[in-house]
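First to last, the protein sequences are chains F and B. For the first sequence, my numbering assigns the number 1 to the initial residue and increments by one for each residue that follows. For the second sequence, my numbering assigns the number 358 to the initial residue and increments by one for each residue that follows.
Hints are computed from structural coordinates only; laboratory data are not their basis. Possibly wrong hints are sitting among the right ones.
Stated by the list, open to error - Example chain F residues on the side facing chain B (calculated, C-beta under 8 Å, incomplete):
(1) V32
(2) G68
(3) E72
(4) E76
(5) G155
(6) R157
Using N, Cα and C, we set each Cβ at its ideal position, and we do this for glycine too.
Next come the chains, spelled out residue by residue.
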Amino acid sequence: MPTAESEGRTTFTPEELLASGDYREPLIANGVRCHGGFDDEGRYRSPRTLHRSPAIRAWQSQLASEGGELLEIAPELMPPQYPNVEQAKLLLRNGVREPVVRALTIISIVEGFGAMIRDVRVPDLASLFVEPLEGTALAHLRRGLFEAHARDESGYRDEGGHKQMWEAARDAALENPKIPGDVLMRLMGRRGRGSRPEAAFPQIDPDLERMLGFMSNVLVVEVFAEGTFQWGIDVLSDPEVSAEPEVAGGMVRNIQSDEKPHVEYLRTALSEARARTIRTVDGREIAGREVVDGLLHRILKQMTRTRRSDQREDIREGLVQAMQVASNPKRLLEEFDALDSDWTPPGQTGFEPADAA
Amino acid sequence: MNLPTRIRRSLRVGWTAGVVWSLYKVPGYWRRLTRRPARTEAELSPTHERAARHILALALDLRGVMIKMCQAVATRSDMFPKEFIDRLKQCHDAVPPKSFEVVRGVVERELGKPLDAVFVEFEERPIASASLAQVHRARLQDGREVAVKVQYPDIEDIIRTDLANMRRVCRVYEYFDPQPIELLPLLTELTTHLSYELDFVREADCAERVRELFADDAHVKVPQMIREWSTRRLLVMELVGGMKITDKAALEKAGLDPADVLQDLMHVYVRMILAAGFFQADPHPGNLFVTPEGQVVVLDFGLSKELPEGFGLGLFELMFSLMTFNESAMLRAFDELGFRSKSGDNTTFLAIARRMIARSDTGAFEGEFTEDMTDELFEAIREDPVAEVPSDFVLVARVFSLLSGIAHTLGSRANVLQAMSGAPS
């Protein structure tokens with residue numbers, strides 16, 4: 001529903017970036033009023049995109065016109081979902097629902113935590129970048145973009161967001177299943193926490209590094225989430241394992257379409273930072289590209305290697321135990337393992353530091 | 358405890374109960390006789406204040422269970438007037454220590470052998486003393502430095518007498534004039550908590566459970582219990598040194614950032630309460646230390662609590678929805694946790710949710726769950742006709758209130774949302 005009025009502009013008020021426009025019918029998920037709604041043709045329209053979508057397109061055009069390039073995270077870096085689609089269906093066909101319920105619940109909570117982006121401290125960017133920021137996504141982070149993102153993820157006031165939409169998809173497909181008691185323990189780190197991450201760029205303002213690091217992390221999560229959406233759609237739309245395939249699959253599709261503006265504004269803002277020069281705390285300068293690429297490289301390396309193996313190990317623990325409800329757990333485990341996806345993380349992240357490339 | 362002491366304690370409790378009763382009732386009867394309207398809540402404020410002063414004086418005189426009772430009342434801002442809460446909050450349970458001879462007697466009786474047969478050193482002066490026990494520094498034969506928690510010899514007897522007195526008072530109150538505040542359930546809850554605190558075997562079990570929970574977390578330290586020499590009235594544990602968690606200057610001198618320490622502390626509590634459903638429910642500054650390496654040390658598991666299945670997830674949903682301004686999710690969480698309104702509809706909770714969330718309109722919220730918010734929640738609950746507040750919720754709210762107090766002392770703020778996500782600070 002973007003309006004012609006917002007096309008081409010690069011400056012927006014927070015109210016504009018949070019505006020949704022009218023819907024013919026609201027989205028009700030499992031009895032919960034959610035954000036977004038349906039237009040006259042019955043198509044789902046994402047919330048808060050009336051001006052946000054054209055704004056992002058305008059910022060991207062401006063970046064291109066200034067010679068900046070839009071960063072891309074290679075899809076090959078995305079680790080496959082575990083359990084994968086076939087494995088999840090196998091479990092459900094055999095009455096082993098707990099691992100899938102747990103996975104869907106964790107996805108819903110992680111989506112909700114996306115709201116933390118509204119608490120990210122945004123320093124005075126105009127003083128930290130050498131080049132001007134007028135009319136960029138960077139200039140709008142605190143002026144509507146972070147808040148819109150937060151509201152999309154966890155809902156706001158009387159509307160549910162992605163957290164509640166994932167819960168609704170889970171409950172529709174699996175008929176209000178019992179939630180495993182260990183969900184939060186797995187989320188909050190059964191393995192405990194390591195040491196605090198060291199600053200990668202101590203020469204720049206710490207708030208700026210934290211903000212760029214947080215945005216890079218969320219961007220990688222959002223890009224990788226594409227695999228999660230497809231997994232959710234494939235599993236929950238299958239009438240053999242889902243009680244309400246159309247409702248549940250459709251709900252995940254709605255979330256998938258809501259997430260597109262998140263990926264786009266984050267990669268735009270990070271690309272703008274990458275195309276600029278950052279002032280260091282001692283009055284020198286450093287290329288934004290060096291900082292953004294360094295942060296993305298570190299996050300991608302960690303997410304594709306250690307975090308993936310940790311998560312698999314964690315899930316595996318619960319799986320074997322959950323399979324005991326099946327008639328032949330041993331055989332089921334063998335079948336499950338035979339369906340596993342073979343995946344090796346690519347050697348390069350695409351954001352290697354200049355001296356290592 | 359001898360008979361005269363028992364009688365004195367009973368009379369002292371009875372006298373205070375009579376004074377408090379007459380403070381409220383005599384003016385009420387007089388107004389009825391003179392056909393004047395009943396006093397408003399604002400007009401009752403000086404009476405609340407005087408009654409609270411009498412009760413505090415009783416607690417400071419008799420100590421023991423009376424102190425615990427006042428501390429319990431001070432946490433129930435959902436039930437008692439503000440004047441009671443503010444006055445009884447001052448009731449600390451630090452008491453003069455018992456003599457070393459008394460301590461030696463308990464230690465030797467519990468060990469079944471002379472003190473020297475187990476400890477090569479035992480400091481006569483305690484490092485801490487409270488209403489139920491005191492703690493001494495000592496060294497075992499194998500050289501390990503330990504803390505020895507010794508229960509007072511007559512404490513169970515005192516508690517039994519005081520609880521019986523209190524129960525009698527509550528029954529008399531309810532017989533003559535059914536109170537809007539139900540005191541007996543509160544007393545029953547206190548009795549349960551005291552029975553936990555008096556059982557050091559249970560305390561050691563709880564400490565080990567929490568120690569196991571954080572076994573792989575480099576930011577947390579729970580002292581090892583030395584079961585070999587521990588009994589129901591004697592608890593021997595690894596001595597862990599450190600700075601008091603509220604000593605900001607010491608933390609900074611050790612090169613630690615108080616904000617990081619606070620965030621770690623918050624992570625410890627959300628992990629215990631929400632994820633494990635089992636927690637040390639007494640995070641006052643005397644029970645929390647920080648090692649020079651920055652580990653948060655958690656002590657005193659006497660008041661540890663197991664939450665019912667699913668309660669942690671319900672609390673998570675309530676806190677999460679509050680911190681993300683989602684009033685409809687907050688309503689569902691209230692229901693899941695067992696909050697019930699007298700009318701049976703959710704109008705009351707919708708009003709509470711909106712009132713809580715409206716706090717966010719004033720500025721950046723940053724995932725903080727403050728003492729003010731807990732107070733405001735309970736004030737809203739007291740004003741509106743909420744028939745049932747789960748007692749586990751009250752205990753958890755008290756924990757967050759205490760943590761907020763620590764944050765306030767450190768001049769910092771913890772991001773509960775971040776702690777719940779498990780993300781490092």
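Each hint, compared with the structure:
no.: 1; hint: V32; in the structure: holds, 7 Å
no.: 2; hint: G68; in the structure: violated, 30 Å
no.: 3; hint: E72; in the structure: violated, 26 Å
no.: 4; hint: E76; in the structure: violated, 27 Å
no.: 5; hint: G155; in the structure: holds, 4 Å
no.: 6; hint: R157; in the structure: holds, 6 Å
Going down the numbered hints, you'll see the structure goes against 2, 3, 4, while the others check out.
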